[in-house]
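Novice: Sequence:
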Amino acid sequence: VKLLLCPIIINLRFKKMISGSARSLASVATKASARSFHASARAEARKFFVGGNWKCNGSVGQVNDLVSMLNQSTLSTDTEVVVCPSPVYVQGVTEKLRPDVSVGAQDCWVQGNGAYTGETSADMLKDMGVGWVCIGHSERRGKGEGDDEVATKAKYALDKGLKVMACCGEPLEAREAGTTNDYVFPQIKAYADNFTKEDWANVVIAYEPIWAIGTGLTATPEQAQETHAAIRQYLGEIAGAEVAENTRILYGGSASGATAPGLSAKPDIDGFLVGGASLKPEFADIVNCNGSENSLKPVKIGINGFGRIGRLVLRAAQNDPMVEIVAVNDPFIPTNYMEYMFQYDTVHGPYSGTVHKTGDDELTIDGKPIKVFG
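Under this note's numbering, the first residue of the sequence shown carries the number 52, and numbering increases by one thereafter.
Rather than coming from a laboratory, the hints here were simulated on the basis of the structure.
Incorrect hints may have been included.
Unchecked claim - Straight line, CA to CA, 20 Å or less: simulated PhoX-like cross-link-like pairs of lysine-lysine:
no.	residue 1	residue 2
1	351	317
2	419	351
3	211	248
4	214	240
Claimed, not checked - Cβ pair distances, simulated, as ranges:
no.	residue 1	residue 2	range
5	291	108	34 to 42 Å
6	288	195	53 to 61 Å
7	163	253	12 to 20 Å
8	350	425	22 to 30 Å
9	385	364	13 to 21 Å
10	228	371	43 to 51 Å
11	194	367	40 to 48 Å
12	413	316	37 to 45 Å
13	137	167	14 to 22 Å
As the structure is a computational prediction, the values presented were derived from the model and not from experiment.
We put the CB at the ideal spot given by N, CA and C, even for glycine.
Working from the sequences, and respecting the hints, build out all of it.
Specialist: In structure tokens, the structure reads:
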């Protein structure tokens, strides 16, 4: 009976305490609500987001390797993941990629289908099953696309059912002159002038410090947070507190597996738009930097024996980015004959790649060195 009564007594006392302090608690809640875009709400309202921009990179073989790598990787379910291949590979990636990773396009046209040679419409992308499109990337703006054209593209894509990564950013001279906001805010304003409040639910902002992309320069987490917070504050002024609170703002300044944890710890950095690192296994580290998952790394394997089974394993591994053959052991076959056997295999057929003996104890296959023991 005592065990049953004690919680009841405690509960009654607790209720009395709450009743006595209800007014002060309400006052605290009112003050908290006044901070209209407090970053601590991210856990509930803003799911972490990582986009991979493959840019103008890849071949059929490399794209297949990237898809295989992603399909085999351990990726946090706490992160929304999108990859943006070159447009010629979009459909193939869409058909082969795991369903929990979305496919996006790197750009699209301002209108629908028609006599626009070389352009890709949002209508076509939607028809292929593409879910996202990157608009206003600094490399597109560098080719002459202005704020109005970029915003028009973004609005048309949204109206056709695509979600948009809306890019903005400043060059080095603006950063050094202390005019980052003067450069970035008009880009944000152009988007806001074209978007409805409902549109913003399908938009993430990607802030790209242009000076930190592929230059070796890096924004500190504090520099990135300062700009992200300023963007969120400005967004609240022009689009409303709710939009500012809920819109995810990504950092697009050459994030890596090493820098992502520190950047993601900042309250207004809601993810990343990743360039070169999205072509490497470390992309999984960036995806997982804000969750509890450990990334699945390529497995390093040594082959014991260079008979038909050993050669078959070595051949199969060349098409799997998650398997790395690092050594072969066979005391009966010299390195120069291994080279010949693999290149002109009488069991599995001639090898279509490159095979070279690059030392008395080393083979290089498709540019990858393999240690030989024997």
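Novice: A separate judgement is required for each hint: does it hold in the structure or not?
Specialist: Evaluated hints:
1. This hinted pair does not check out: residue 351 and residue 317 have alpha carbons roughly 35 Å apart, beyond 20 Å.
2. Among the hinted pairs, residue 419 with residue 351 is consistent with the structure: their alpha-carbon atoms are about 13 Å apart, no more than 20 Å.
3. A C-alpha spacing of about 16 Å is found between residue 211 and residue 248, which places the hinted pair at or below 20 Å, so the restraint holds.
4. Note on residue 214 and residue 240: the hinted pairing holds, with a Cα-Cα distance of about 18 Å set against a maximum of 20 Å.
5. A beta carbon spacing of about 38 Å between residue 291 and residue 108 agrees with the range 34 to 42 Å that was offered as a hint.
6. As the Cβ distance of residue 288 to residue 195 is approximately 29 Å, the hint placing it in 53 to 61 Å is violated.
7. Distance hint check for residue 163 and residue 253: the Cβ-Cβ separation is about 19 Å, which falls inside the suggested range of 12 to 20 Å.
8. Separated by about 23 Å at the C-beta atoms, residue 350 and residue 425 satisfy the suggested range of 22 to 30 Å.
9. A C-beta distance of roughly 20 Å is found between residue 385 and residue 364, which places it inside the suggested range of 13 to 21 Å.
10. Residue 228 and residue 371 have their C-beta atoms about 49 Å apart, which keeps the hinted 43 to 51 Å range intact.
11. Taken as a hint, the range 40 to 48 Å holds for the pair residue 194 and residue 367, whose Cβ atoms sit roughly 42 Å apart.
12. Take residue 413 and residue 316: their Cβ atoms lie about 43 Å apart, and the range 37 to 45 Å holds.
13. The hint said 14 to 22 Å for the Cβ distance between residue 137 and residue 167, and at roughly 19 Å that hint holds.
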